[in-house]
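**Q** Read off the chains here:
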Amino acid sequence: MFNSILQTIIQWAISHGIKILAILIVAWIILRILKTIIRRVIKSVIGKTYGIRDGVAVEKRTATLETVFYSTVKIVIWVIAVMMIIPEFGVNIGPILAAVGVAGLAFGFGAQYLIRDLIAGLFIILEDQYRKGDSIKVGDVAGTVEEINLRKTVIRDVDGVEHHIPNGEIKIASNRTKLWAKINLEIGVAYDTDLDKVIKVLNKVGQEMAKDKDWKDIIIEEPQALGVNEFADSAIIIRVSGKVKPGEQWGTARELRKRIKEAFDKEKIEIPFPHRVVIQKK
Amino acid sequence: MFNSILQTIIQWAISHGIKILAILIVAWIILRILKTIIRRVIKSVIGKTYGIRDGVAVEKRTATLETVFYSTVKIVIWVIAVMMIIPEFGVNIGPILAAVGVAGLAFGFGAQYLIRDLIAGLFIILEDQYRKGDSIKVGDVAGTVEEINLRKTVIRDVDGVEHHIPNGEIKIASNRTKLWAKINLEIGVAYDTDLDKVIKVLNKVGQEMAKDKDWKDIIIEEPQALGVNEFADSAIIIRVSGKVKPGEQWGTARELRKRIKEAFDKEKIEIPFPHRVVIQKK
Amino acid sequence: MFNSILQTIIQWAISHGIKILAILIVAWIILRILKTIIRRVIKSVIGKTYGIRDGVAVEKRTATLETVFYSTVKIVIWVIAVMMIIPEFGVNIGPILAAVGVAGLAFGFGAQYLIRDLIAGLFIILEDQYRKGDSIKVGDVAGTVEEINLRKTVIRDVDGVEHHIPNGEIKIASNRTKLWAKINLEIGVAYDTDLDKVIKVLNKVGQEMAKDKDWKDIIIEEPQALGVNEFADSAIIIRVSGKVKPGEQWGTARELRKRIKEAFDKEKIEIPFPHRVVIQKK
Amino acid sequence: MFNSILQTIIQWAISHGIKILAILIVAWIILRILKTIIRRVIKSVIGKTYGIRDGVAVEKRTATLETVFYSTVKIVIWVIAVMMIIPEFGVNIGPILAAVGVAGLAFGFGAQYLIRDLIAGLFIILEDQYRKGDSIKVGDVAGTVEEINLRKTVIRDVDGVEHHIPNGEIKIASNRTKLWAKINLEIGVAYDTDLDKVIKVLNKVGQEMAKDKDWKDIIIEEPQALGVNEFADSAIIIRVSGKVKPGEQWGTARELRKRIKEAFDKEKIEIPFPHRVVIQKK
Amino acid sequence: MFNSILQTIIQWAISHGIKILAILIVAWIILRILKTIIRRVIKSVIGKTYGIRDGVAVEKRTATLETVFYSTVKIVIWVIAVMMIIPEFGVNIGPILAAVGVAGLAFGFGAQYLIRDLIAGLFIILEDQYRKGDSIKVGDVAGTVEEINLRKTVIRDVDGVEHHIPNGEIKIASNRTKLWAKINLEIGVAYDTDLDKVIKVLNKVGQEMAKDKDWKDIIIEEPQALGVNEFADSAIIIRVSGKVKPGEQWGTARELRKRIKEAFDKEKIEIPFPHRVVIQKK
Amino acid sequence: MFNSILQTIIQWAISHGIKILAILIVAWIILRILKTIIRRVIKSVIGKTYGIRDGVAVEKRTATLETVFYSTVKIVIWVIAVMMIIPEFGVNIGPILAAVGVAGLAFGFGAQYLIRDLIAGLFIILEDQYRKGDSIKVGDVAGTVEEINLRKTVIRDVDGVEHHIPNGEIKIASNRTKLWAKINLEIGVAYDTDLDKVIKVLNKVGQEMAKDKDWKDIIIEEPQALGVNEFADSAIIIRVSGKVKPGEQWGTARELRKRIKEAFDKEKIEIPFPHRVVIQKK
Amino acid sequence: MFNSILQTIIQWAISHGIKILAILIVAWIILRILKTIIRRVIKSVIGKTYGIRDGVAVEKRTATLETVFYSTVKIVIWVIAVMMIIPEFGVNIGPILAAVGVAGLAFGFGAQYLIRDLIAGLFIILEDQYRKGDSIKVGDVAGTVEEINLRKTVIRDVDGVEHHIPNGEIKIASNRTKLWAKINLEIGVAYDTDLDKVIKVLNKVGQEMAKDKDWKDIIIEEPQALGVNEFADSAIIIRVSGKVKPGEQWGTARELRKRIKEAFDKEKIEIPFPHRVVIQKK
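Chains as they are written, first to last, in numbering that gives the first Met the number 0: chain G, 0 to 281; chain U, 0 to 281; chain B, 0 to 281; chain C, 0 to 281; chain Z, 0 to 281; chain F, 0 to 281; chain Y, 0 to 281.
These aren't lab readings, by the way, just hints derived from the structure by calculation.
Be a bit skeptical, because a hint or two may be false.
[As the list claims (entries may be wrong)] Within a straight-line C-alpha distance of at most 27 Å, the following computed DSSO-like cross-link-like pairs (lysine-lysine) qualify: (1) K242/F to K210/F; (2) K260/F to K281/B; (3) K257/Z to K203/C; (4) K203/Y to K257/G; (5) K203/Y to K281/G; (6) K242/Y to K244/G; (7) K196/Y to K265/G; (8) K212/F to K199/F; (9) K280/Y to K281/U; (10) K18/Y to K244/F; (11) K131/Y to K181/F; (12) K281/B to K281/Z; (13) K242/G to K257/U; (14) K196/G to K210/U; (15) K280/B to K280/Z; (16) K267/C to K196/Z.
If you're wondering where the values come from, they're calculated on a predicted model, not measured in any experiment.
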């Protein structure tokens with residue numbers, strides 16, 4: 000009897016065992032190949048995008064993405080391999096497929112947000128939309144990026160509040176510190192002011208500040224008055240605009256405002272309060 | 000025994016090998032045909048649309064779209080071919096299909112945004128809705144287009160903020176610099192002003208500016224007063240409207256405002272402050 | 000041996016070849032029939048709708064819709080035919096169906112917006128909701144229609160901005176220039192004015208303008224004061240309303256406002272500034 | 000040989016032809032029966048609803064709905080019949096079903112809005128929510144109904160703008176001219192006015208207008224002061240309310256406002272301007 | 000031959016006819032049973048809920064719901080029966096199922112709103128959320144209920160506008176006339192008023208009104224001053240609150256406001272106008 | 000022949016009858032087991048949560064949830080049992096499954112809101128988020144809970160309006176009366192006031208009230224001035240904050256406001272009206 | 000006969016019993032393995048994240064997550080095992096699968112929100128976005144975290160209101176007390192103030208407060224004036240900014256405001272009321 004069992008096992012091993020072995024080997028080979036492909040694709044994509052700013056962190060990102068993709072592929076391939084091996088033992092995988100299918104679908108309904116986040120995150124990283132340290136704006140939230148990963152972006156706003164934003168919630172990612180930034184001041188002057196003089200004063204303030212040793216490395220294009228932007232209720236609005244290094248726009252604007260105020264005081268140009276004409280009746 | 004194995008292989012080769020070869024050849028032929036079809040369709044569509052503006056970049060776009068479509072078709076065709084070959088080795092592809100199906104569905108839930116983006120992007124490029132360098136407005140964000148690809152549009156706004164907008168988020172794409180633009184000023188004058196005189200002055204300012212050597216290449220139609228647009232609380236609003244080259248609307252409007260102010264000062268026409276009638280009681 | 004192969008081919012040709020030929024012929028016949036049906040249905044629908052305005056462009060639209068529908072039907076019919084022919088060569092189309100099914104579903108999730116756009120566009124054209132040259136309003140965007148096709152509508156607003164609106168985004172299409180338009184002015188007069196006199200003056204201005212040779216072809220119904228629309232804070236609001244040719248409502252309203260102002264000046268009727276009663280205390 | 004072919008055809012005709020004939024006959028019988036059922040159901044439903052207002056247009060609507068439902072049913076029945084006949088010719092309908100299924104699903108995603116529109120339209124017509132000529136409000140759009148069909152409602156607003164509204168976009172249909180309408184005026188009087196006198200004056204104005212020969216056919220319930228609705232900043236608000244014929248509410252309210260103003264002038268009741276108590280300091 | 004056909008029919012009748020008969024009988028029995036179950040369940044549910052208010056209309060509602068549910072069940076059961084009978088005639092129901100399935104799915108996408116409406120309506124009626132004659136508020140629309148059925152609620156607002164609201168659009172149903180209602184007045188008094196005196200006056204007005212023969216049946220709890228609700232810009236806000244019969248809250252509040260005004264006039268308590276402190280400069 | 004029929008029945012009874020009996024018995028056993036499991040799970044979960052507040056109503060809730068879950072399980076088990084028994088009678092359940100499947104899917108689209116409501120309700124009850132008698136806020140609606148069940152929450156607001164809210168519409172449930180509540184007053188004082196004195200006075204008012212015999216049982220932490228919360232336009236805003244018993248926050252705040260007013264009057268601290276600096280020109 | 004039954008049972012036991020036993024054993028082994036894997040993965044993930052703040056509660060969280068995941072896996076594995084065992088008793092599991100499938104789908108539609116909540120909760124805990132005791136802001140709700148679990152977060156706001164927020168409703172989680180916080184005051188000074196003096200005074204107040212023994216442990220970076228943030232209508236706005244310990248930002252800001260007010264009073268710097276220039280006419 001022992002003999003017959005042995006024979007059965009041998010027969011099984013010949014007819015099924017070889018097949019199982021083949022499945023395992025093929026799965027392993029496919030994995031090897033996919034690993035190489037993934038690496039090459041990521042390297043080529045990352046390489047293209049990252050030439051724009053600088054070469055820092057390229058290596059790290061490549062590694063991260065490789066790990067993520069390779070893990071996903073590994074799980075998928077081995078699950079398929081296992082499902083192809085199971086029937087060789089005479090087990091019907093129908094129930095497993097059905098149970099997993101229903102569970103997968105139920106999970107899928109809820110997990111779609113997670114997948115959306117990951118896809119969004121993938122493009123944020125691949126396209127280098129923003130990096131750690133950049134100042135970005137997402138919907139109503141603005142601040143400095145503290146951390147980016149595939150699922151979420153963490154930013155700190157000006158009050159030190161830490162916002163955790165799933166990447167899929169980022170409809171429009173607005174990077175405020177990409178290569179350069181602009182300052183735009185809207186200065187209101189009284190309706191009876193000489194506009195040419197105002198513009199001359201504003202341009203002079205801009206020029207002097209751009210030559211100042213504290214600011215000349217920060218200012219890329221000196222702030223200049225662009226002209227009359229609006230006839231407001233009580234003031235004529237002049238726009239002043241300049242280009243500065245990224246992240247320096249707020250400090251530069253504050254300083255420029257102070258200098259304009261001082262120049263206006265000296266030149267007797269008035270920033271008017273709200274005006275009202277009153278007609279007395281009865 | 001070696002003979003019998005050889006015979007088996009030969010038999011397999013005859014019955015299955017030929018089939019596999021046939022599948023591979025047919026797949027390759029179909030790909031060749033589809034490649035030609037894709038090229039022709041894209042060329043004809045692009046050709047039609049791009050006659051409107053100019054011939055620049057047609058070649059580049061054609062190439063990009065060709066690559067994208069051909070890659071997609073290539074993947075689909077080869078996957079089908081592989082799936083048709085696998086059963087020839089006696090392997091049941093049921094589990095593979097099931098696993099891939101569930102994974103595909105789960106991914107599909109999350110990836111629908113990505114596909115939506117790509118379809119939207121396809122039409123933006125095909126229909127030439129806007130190009131690199133155009134000034135567009137999308138929802139609450141407006142700026143100059145820095146980059147367009149199938150998935151997203153990158154624009155820089157007036158503060159230098161770089162906005163990354165997935166194309167699917169662009170419900171209405173508003174191009175502010177397509178062939179020409181208009182300037183529309185709403186000028187408020189006092190209720191006791193002679194309207195005919197105001198209109199004459201405004202029209203004269205418009206004419207003179209349109210003849211000015213600095214502006215005559217920019218202004219397509221000279222700014223003219225259209226009439227009384229509104230009886231506002233404290234002023235009668237006159238609309239002035241003109242046509243200019245795309246991208247020049249803001250600069251032209253600023254200059255026009257300045258000239259109107261100077262003309263009004265000369266002609267003693269008042270841009271009124273808010274008025275209030277006050278009745279003293281008790 | 001050559002004979003036996005020939006015989007096999009002949010046998011195959013008899014058993015399968017005839018079937019394939021039959022499939023091709025039937026597909027071609029069905030296409031012919033559907034072509035005729037499509038043409039007739041479109042012609043009848045277009046015919047009915049377009050009697051309302053005029054006969055222009057009916058031919059062109061009929062042709063466009065025919066092409067679109069016929070192309071769709073052609074693709075569907077030939078795909079079915081090919082799928083029915085493939086099994087005759089002994090090829091299992093299961094994998095193809097599965098691959099195409101998953102891809103189709105994944106694409107379907109993202110493409111639903113595109114299909115929605117096309118269906119919406121179909122009805123816009125069929126029902127003649129608006130045409131090239133009409134002035135329409137869609138959500139927050141208003142302007143003149145520059146182009147309509149099945150997928151999108153392009154409009155230019157008053158600032159010359161070109162808006163590309165996918166037809167599916169058009170929830171309510173508001174046509175401002177369909178056969179006729181109305182002007183509605185809300186004129187505020189002082190609380191101590193004689194209302195009967197005001198109404199008489201307004202009506203007279205309306206009558207005279209409607210008789211004016213420049214305006215009599217534009218005005219369909221002369222502008223008349225409808226009565227007291229509101230007791231506002233500082234003024235009694237009188238509504239003036241008239242009917243004009245489509246597209247002329249803005250120009251007519253501007254002229255009417257100017258004439259009312261002049262008549263009021265002559266008749267000493269005041270358009271009041273905001274009033275405030277002030278009680279001095281302590 | 001000719002004989003054997005003939006025999007084959009006869010055999011086929013006996014075994015399959017009869018079946019095909021039977022299918023066609025049964026399909027035709029089912030259609031006849033369904034036609035009668037549809038007619039009866041619609042007549043009974045329409046009959047019930049339309050007793051409320053009047054008998055006009057019942058015939059026309061019944062006919063329209065019959066056509067729509069019968070066409071739908073006809074297409075479904077014949078498609079089923081054709082699909083049941085095809086296999087009799089030895090053709091596998093699997094590919095057809097699969098192709099149509101995928102196309103149907105893809106289309107279904109986009110067409111759900113269309114179906115939603117049709118279902119909504121069905122209830123608008125069946126329940127007689129509004130008719131051509133009624134003045135309705137849908138979301139932010141209000142106007143007179145120019146056309147209703149299963150898919151959409153067309154309304155003209157007070158500016159003559161024609162709005163095309165898909166019925167599915169109509170969440171709440173508000174009919175402003177169903178059997179009767181009400182006018183509600185909020186009249187502000189000074190804080191130091193005798194409220195009893197004000198109410199007496201308002202009621203008298205309402206009574207006199209309701210007896211006026213121009214208005215007595217329009218006013219169903221004479222406008223009466225309901226009492227003190229609010230202590231506003233500068234005025235006590237009295238509400239006046241009355242019932243009028245549908246569509247007459249705006250004209251009646253305008254006339255009533257004018258009469259109240261004249262009565263107030265006669266009785267020296269003041270409609271106050273905004274008040275402010277001012278305390279001088281320093 | 001006639002004999003053999005007869006025999007065939009008899010054989011068919013024995014083998015299939017009995018089965019068909021059995022299916023019909025069983026379907027009929029199941030329907031009978033379900034009818035009884037439906038009646039009992041509805042009666043028990045309705046019975047429980049309707050004890051809260053009164054016994055009116057219970058019978059009618061029970062009948063309506065019975066009809067609706069029984070009709071649905073009847074259609075489902077007979078459709079199943081027919082589908083089980085068809086194969087007995089040797090007809091393949093696959094195509095029918097497929098066609099109906101695709102149509103059903105396509106319809107289901109659009110009809111989900113209808114089903115949502117019906118489910119929502121079922122609970123409104125079962126739970127007696129509101130009835131004909133109640134005054135309810137749904138989103139931005141408020142008025143008196145004119146009609147409720149499974150699909151929609153019709154309400155008339157204070158301007159006589161008839162709103163048709165699909166029950167599924169009713170997120171929160173707010174019944175303003177359920178058993179009792181409250182009145183809440185916010186009365187502003189000057190900052191230099193004696194608060195104790197104000198509260199005493201307000202309470203006295205409330206007490207007197209609650210004892211008045213016209214109002215004592217309407218007022219459940221006499222209106223009392225609750226205290227200082229807010230320090231507003233120019234006034235101290237006192238809240239007065241009382242309980243009245245449902246539907247009487249608006250009339251009672253109007254009368255109470257009038258009485259408070261009269262009492263304040265008598266007691267020289269001032270309802271202040273907006274105050275402003277003005278500092279003259281230069 | 001009778002014998003043969005009997006024999007057939009006996010054979011059927013042996014081969015199928017036993018199976019049917021077995022199915023019924025197993026179904027019954029499974030139900031018993033599930034009943035016990037359900038009871039234990041609910042008791043353990045409810046037990047844990049309800050330790051937080053008090054032991055009231057635990058029994059009743061346990062019973063309610065048990066009934067709901069057990070009924071659901073009972074229906075599912077018996078439906079499965081019936082479907083397993085039907086084929087034993089030689090009936091094909093395919094059509095039943097198909098019909099029920101399509102109906103179930105169509106219903107499922109619409110019923111998802113109902114299921115969402117029930118799941119949300121389950122957690123509200125299990126987690127004891129709020130109870131009958133608590134004052135809660137849900138979106139824009141706030142009031143006292145009158146009833147909670149698995150599907151909806153009924154609340155009465157301060158005007159006596161009864162709101163029926165499906166539990167699924169409750170995104171954030173805000174319980175205003177859980178264990179304790181806080182009062183927060185923002186008191187504005189003039190810019191020239193001595194802040195230290197104001198804070199001393201406010202703290203003294205808080206202390207005295209906390210010691211008052213009417214209020215000492217209600218106030219948990221005496222109201223204290225926290226400091227300068229804002230430099231407003233015309234006033235410095237001081238925040239006063241204290242802890243009270245749940246439901247007493249509104250009455251306590253009203254009394255506190257009155258006492259602060261009286262203390263301020265005594266100490267000559269001014270709650271300022273809006274200020275404006277006026278500069279006379281021309 | 001007894002013998003033959005016994006024999007049947009033995010045969011069944013040999014052919015099926017062994018299989019059942021094998022299934023049970025394999026299921027148990029797989030569970031053991033998965034348990035170890037789950038523990039390791041959680042420990043490694045938790046370990047990485049929690050290094051950032053501190054080691055507290057790591058153990059507890061690990062245990063919680065382990066329980067949740069292991070329970071889920073246990074249920075899935077045993078359900079699969081049971082479904083694989085059932086057919087061994089000759090029972091067709093088709094109906095069970097179908098019934099469970101439809102029920103599962105129907106439930107899945109409604110339960111997707113629950114699953115979304117759980118996934119969101121998982122990441123909140125794993126990533127340590129916030130903890131019990133942190134002050135967070137979620138949409139319009141802000142307060143202190145009282146409890147976090149996989150499904151929901153409970154927070155108490157400043158009024159003591161307890162908000163129950165399902166984790167899936169938390170789009171952006173904003174932690175206001177992570178490691179540090181910032182204070183940002185916007186101080187308005189009169190237009191004619193010496194800005195350099197104002198900045199000096201503000202900086203001095205900040206320095207002194209940072210050195211104060213009550214505050215030096217709380218303030219991380221002393222509050223400093225950053226410059227002119229805005230030219231407002233009636234004031235120049237100076238921003239003052241500093242860094243403090245988490246949770247201390249509100250108290251510190253209140254104290255700083257008080258100190259600034261006192262310093263301004265001493266230095267005669269004015270925080271201006273709203274200004275208005277008034278021009279008298281007629």
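**Q** Between K18/Y and K244/F, does the CA-CA distance stay at or below 27 Å?
**A** violated, 65 Å
**Q** Next pair to validate is K212/F with K199/F; report whether the Cα-Cα distance is within 27 Å.
**A** Within the cut-off at roughly 22 Å; holds.
**Q** Between the alpha carbons of K196/G and K210/U, is the straight-line distance 27 Å or under?
**A** holds, 25 Å
**Q** Holds or violated: are the alpha carbons of K281/B and K281/Z at most 27 Å from each other?
**A** holds, 21 Å
**Q** Hey, K260/F versus K281/B, does the alpha-carbon distance stay inside 27 Å?
**A** Answer holds: K260/F to K281/B is near 21 Å, not above 27 Å.
**Q** Has the given pair, K280/Y with K281/U, been kept, meaning a C-alpha gap of at most 27 Å?
**A** Holds, because 21 Å separates the two Cα atoms, which is no more than 27 Å.
**Q** Starting from K196/Y, check that the Cα of K265/G is at most 27 Å away, please.
**A** holds, 17 Å
**Q** Are the Cα atoms of K203/Y and K281/G separated by 27 Å or less?
**A** Violated - the C-alpha atoms of K281/G and K203/Y are around 54 Å apart, more than 27 Å.
**Q** Is the Cα-Cα distance between K242/Y and K244/G 27 Å or less?
**A** holds, 25 Å
**Q** Please work out if K257/Z and K203/C have their alpha carbons no farther apart than 27 Å.
**A** It holds: about 20 Å lies between the C-alpha atoms, which stays within 27 Å.
**Q** Mind checking the alpha carbons of K203/Y and K257/G for me, to see if they're no more than 27 Å apart?
**A** holds, 20 Å
**Q** Is the hinted pair K242/F and K210/F satisfied, with a Cα-Cα distance of at most 27 Å?
**A** Roughly 14 Å between the alpha carbons, so the hint for K242/F and K210/F holds.
Violated hints for the displayed structure, listed by number in ascending order: 5, 10 and 16.
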